[in-house]
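K.L.:
Residue-level listing of the chains:
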Amino acid sequence: MKAVGARLPRYDGLAHVTGRTTYVDDVRAPGLLWTKALRSPHHSARIVNIDTSRAEQHPGVRAVITQADVPQNVYGHLEALGVPADEPLLADGEVRYRGQPIAAVAAEDEATAREALELITVEYEEREPLFDIRLAFDPGAPTVHEWGPVFPHFGPHRQRRVRKGDVEGAFDRAHVIVEGVYRPGAIEHVPIEPQTALVVPEADGRLTIYSCTQAMYFSMGVVAQHLQLPLNRLKFVGGTVGGGFGGKVDTASETISALLALKAQRPVKWRWTREEEFLASSTRAPWHIELADAVTEDGWILGRRTLTLHDAGAYTRFSSYGLTKHAFHHAGAYTIPNVHFDGFVVYSNRVPTTAMRGFGVTSVSYAVELHMSRIAEVLGMDPWELRLKNANRIGDVTPNLVRLKDPSTVPVMQAAAERVGVELRPEYRSMSSEPRSGDLLPEHLVGNAGQTNGTEAR
Amino acid sequence: MAKHRGRGVATIEYPTGMNQNGDPSQAWVKLKPDGRVDVFAGTVDIGQGSKTVHTQIVADALGVPYDWVTMDNSNTDSSPLCTGTFASRGTFIGGNAVRFAAERARERVLDIAGREMEIDPADLEIADGEVSAKGAPDRKLSVGDVAAAATWTYGELITGTGAAMKPFAEVNDDTGSVTVEPHAAISYAACVAEVEVDDETGEVTVLRLVQVYDVGHAINPTLVEGQIEGGAMMGLGLGLLEAAYPYYPSPEHRGSEFGAYLAPGMEDLPEIDNVILENPSEDGPYGAKAIGEMANNAQPPAICSAIHDAVGVWVTECPATPERVLRALQAKQEPRRDGKRVIFDGEISLARVASEEGAAEFART
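Line by line, the protein sequences give chains A and B.
Residues in the first sequence are numbered from 11 upward in steps of one, following my numbering.
Residues in the second sequence are numbered from 59 upward in steps of one, following my numbering.
Just so you know, these hints were derived from the structure itself, not from any lab.
Glycine included, C-beta positions come from ideal geometry on N, C-alpha and C.
Treat the hints with care, since some could be wrong.
Unchecked claim - From the structure, some residues in chain B lie toward chain A, with a derived Cβ separation under 8 Å: (1) D118; (2) A302; (3) E315.
Using the sequences provided together with the hints, build the complete structure.
P.N.:
Below you can see the structure in the form of structure tokens.
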């Protein structure tokens, strides 16, 4: 019997529904200490002084750490791609969002750890925060980072650019220009299992890290870099996650737990509270997307101008990656020969945003699809026909010059129309993904297929 | 005051694997002395079922029954690297890694079987846990016996390693263009939302979602449907309910508990109708492409288009809460026309909200 294609039950389904799956929080270690973190109450402030001495002397407290205890405090998730590190594990001199960790405590129980937090004194100098990214370049606006309001490392540019074809000409030739603004908001990942780590310092000097990460090797790399340890000193145990959705790509609890375990030489667990999970963990990013499409009266999209502002929150994390992905997919499932795209990663004083299901593209799909519906309304056209007419076809070229080999915009739309009983006109019902010809190869798309660098996409 | 019905469609595409590639997954496979198979890979199963899918792939690539195969993704000592469970890469890239490892192990099985059966390995095939001679199916040896022979007769271990990675695709920062395709594959989907809008309360109810996904080839159709339906609920939350910042951009009034944050629940579940299309990818395992992430991308715009179809207003800030729908109904904003320009949403645009100097900075290139 072939296994591929079979409706086999999930490997771990029975254990999940009968409560027999072992999550990180179910792992027991003798002599366990519990962790609590002191987090910034301010959106933006300078830290004038931190005094942990009273917390260290509190009965039951076994370790207290601040940025001074971290071998390499500042980390960047995209350093491998040449993006400089910008995010401290524990705040150093500044806090840039409410909830940012400043110090952490390991104690015999959670109540003692909480008490110890009360004994840490931090002197802040509050500053005006920035929340509306549209105002980031306004004179006098607060700046989140010293290098300026936006991420400056798209090669020599401060914005991700896409340029293809003759956009000016397309807008000149257009019968109608449809403009709209789309603002998909931030949401939480809402995992049932909050961020949790258990770190056991072994007798041989290794650290066993029980982790709910979505990416064991990635998180192992993050911990190794902060702790400046080779990979053979770390063993990640994981592979089972109580809900991730992108939020557990962040290595949120492992590193601080590991530092406390090393300092205390005891097993340390850090299980975020539900409140921390909601208020201090990362979110999906909010986006601001402005689209202007140059269209003909019979529904061809000749060109598109796009301005995207990506609200990164206080630190970069994966934002520039997400914005580049957004840029690559900003024409949606359609072929638009002339485009001009500028996208900015803008910092604000909110929790850093991170990956979430559909990262970078969920936002642009929202904008593009609503815009398509609007164009159809403005032209008085059927929204199905507008989409099918401009649909990706074999041989079409994307804004970043990838030639499409087997797109299926047309068949998925035809199948959906059939399922809901939408009667497509015969020319749309019989349409295929085959290379354009005849009426479906208008003048503005002739030669479009030639503008590639020889890339073949699937 | 009445309830109005409307329908909206959205069509989307989504890449498989990390944007710009360069994201490896690795795996290794070993056989126990009775032919049972252990697979080691660092791919985390976040509930999507990657362990099951990888096990299915190994079973077929090796030619053994599914229940002979056990996958271990529990730790970084025994499992090799997987870049991570994100970017819709598990089935395609992780799946290829375990497939390649199983294919190497299969070659080793055929090699040992050839020695035992005194037949050229090229003339042997494996199916259902048995090695047999092509054209002479009665000349056969179980994979269990082959593994035993490897262990006890030849003193060898049957194993195989595999790694999958597409090279990093550089982007031209001036034009955004690439010279290598920056993804493993692209999946496509269409979603039709049927909604009911109450023009008195602004409440939107999704009655039905019809969703068509081209997933290349469904390694496990039940799990594909799980992704489609789970994704639909996340998309519904994104489109109608959830807000980390209810008064964005203000950071105030954030929900700090389940009772103060509206994630979708079973009572929000509409009728869901799934269609799986199979347009096989060229080099995914058994033609597979991604389904994971894209499954929550099409509902928000389909729902917002359906709201317009129902009551004639565009809600372009997500989620389309009752408050936003009511405000739009009260405003009944028509687009501004300026020559051939038709301008929607001018009041929330950068040009309107930012200072002239601030807006100019975003336009400066």
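K.L.:
Evaluate each hint against the coordinates.
P.N.:
Comparing the hints with the structure gives:
no. : hint : in the structure
1   : D118 : holds, 5 Å
2   : A302 : holds, 4 Å
3   : E315 : holds, 6 Å
The structure agrees with every numbered hint stated previously.
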